[in-house]
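*Asks:* Generate the whole structure from the sequences, applying the supplied hints.
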Amino acid sequence: GAGVSQTPSNKVTEKGKYVELRCDPISGHTALYWYRQSLGQGPEFLIYFQGTGAADDSGLPNDRFFAVRPEGSVSTLKIQRTERGDSAVYLCASSTTYGGETDTQYFGPGTRLTVL
Amino acid sequence: AQKVTQAQTEISVVEKEDVTLDCVYETRDTTYYLFWYKQPPSGELVFLIRRNSFDEQNEISGRYSWNFQKSTSSFNFTITASQVVDSAVYFCALSDLYNFNKFYFGSGTKLNVKP
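Same order as they appear, the protein sequences are chains A and B. Here the first sequence is numbered in the working numbering, starting from 19 and rising by one per residue. Here the second sequence is numbered in the working numbering, starting from 142 and rising by one per residue.
Note that these hints are calculated values from the structure, not bench results. Each residue gets a CB set at the ideal place from its N, CA and C atoms; glycine is no exception. Take the hints with a grain of salt, since some may be wrong.
[Stated by the list, open to error] Taking CB as the label site, the calculated pair distances span:
id, chain 1, residue 1, chain 2, residue 2, range
1, B, TYR205, A, ASP75, 48 to 54 angstroms
2, A, GLU101, B, TYR205, 39 to 45 angstroms
3, A, THR114, B, GLU167, 41 to 47 angstroms
4, B, GLN210, A, GLU32, 47 to 53 angstroms
5, B, THR146, A, GLU101, 28 to 34 angstroms
*Replies:* See below:
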């Protein structure tokens, strides 16, 4: 079975532009997560989806960041008016969740975003 | 508040040496989960182990072993007879009942295994 996939693997954009990052979770996984990893740091939680709904978006840094998962599978992280400080690796993970018990999150390879 | 501390930023060893990576955590809950992930140069986080707070038994998987000590809030990871392929950044992570789907990661330990 395929793992979590993310596209593009690299994205270079100019300050002020809009970007979309895509995540395709493991088939059958109902939970999907976005994290941001800055250089030399561990991943930081951004948002978590259970099915189509965002169950916890407390990690989104501001209203320039938005994520959707319209059909409960693929998710898109959208960043408006990008800033240089948004440069990081954006990681996506997915898991199965049984009755609320924490399940292991499986990560994709990430999208490296560079804002010039 | 939930927090994971990996005080060792970088460790270098020579192949075949044993190495222990430290992880200390903080949580307000009695039910929580601890994880270790490996991030090789390719960048993808690879799951290594998951442990819940009620299971304090140490675990061994091949050359890998984990020591969970609730009394000191530590979940240390030992690689025996290290190999060059073990070179990577290793992350410890925590989740608990207040935020069971939100993982808190440490800042990672970069392990360099030299031939």
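*Asks:* If I claimed the Cβ atoms of B:GLN210 and A:GLU32 lie 47 to 53 angstroms apart, would that claim hold in this structure?
*Replies:* Between B:GLN210 and A:GLU32, where Cβ atoms are some 50 angstroms apart, the hint holds.
*Asks:* Using the beta carbons of B:THR146 and A:GLU101, state whether their distance is inside 28 to 34 angstroms or not.
*Replies:* holds, 29 angstroms
*Asks:* Honestly, do A:GLU101 and B:TYR205 meet the 39 to 45 angstroms range at C-beta?
*Replies:* Given a distance of about 40 angstroms, which is inside 39 to 45 angstroms, the answer is holds.
*Asks:* Do the beta carbons of B:TYR205 and A:ASP75 sit within 48 to 54 angstroms of each other?
*Replies:* Violated, at about 35 angstroms.
*Asks:* Taking the Cβ atom of A:THR114 and the Cβ atom of B:GLU167, is their distance within the range 41 to 47 angstroms?
*Replies:* violated, 28 angstroms
Going down the numbered hints, you'll see the structure goes against 1 and 3, while the others check out.
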